[in-house]
Amino acid sequence: MGISIWQLLILLAVVILIFGTKKLKNVGGDLGSAIKSFKSAVKDPDAGDAAPQEKVSQDSADSADTAKTESVKKEDNV
Numbered sequence: 002m003g004i005s006i007w008q009l010l011i012l013l014a015v016v017i018l019i020f021g022t023k024k025l026k027n028v029g030g031d032l033g034s035a036i037k038s039f040k041s042a043v044k045d046p047d048a049g050d051a052a053p054q055e056k057v058s059q060d061s062a063d064s065a066d067t068a069k070t071e072s073v074k075k076e077d078n079v
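Just so you know, this note's numbering puts the end of the sequence shown at 79, numbered straight through with nothing missing.
Hints were generated in silico from the structure; no laboratory data involved. Wrong hints could be hidden among the right ones.
[Said to hold, decoys possible] With a straight-line Cα cutoff of 30 Å, these simulated DSBU-like cross-link-like pairs (lysine-lysine) come out:
| no. | residue 1 | residue 2 |
| --- | --- | --- |
| 1 | K37 | K23 |
| 2 | K26 | K40 |
| 3 | K37 | K24 |
| 4 | K24 | K40 |
| 5 | K26 | K44 |
| 6 | K23 | K40 |
A quick note: this is a predicted structure, and the numbers were derived from the prediction, not measured.
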């Protein structure tokens with residue numbers, strides 16, 4: 002009562018007719034690269050975490066400098 006090979010072939014033909022081979026090729030490539038990046042992230046979880054923390058600390062330092070500069074400008078205008 003399961004799915005036979007003929008039903009799978011008909012389903013494959015319908016999917017190819019609807020989406021086209023180029024679209025399916027792009028989806029397959031995107032799926033493959035997503036799986037590859039997921040596997041590398043699972044294999045070495047610390048490598049992905051180091052860079053965003055450094056960026057956040059740099060961004061917060063930049064915003065603090067900007068806030069100080071704006072407050073100094075306001076005091077000069079007064």
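Quick rundown of the hints versus the structure:
no.	hint	in the structure
1	K37 to K23	holds (21 Å)
2	K26 to K40	holds (21 Å)
3	K37 to K24	holds (20 Å)
4	K24 to K40	holds (24 Å)
5	K26 to K44	holds (27 Å)
6	K23 to K40	holds (26 Å)
Checked against the numbered hints above, the structure violates none of them.
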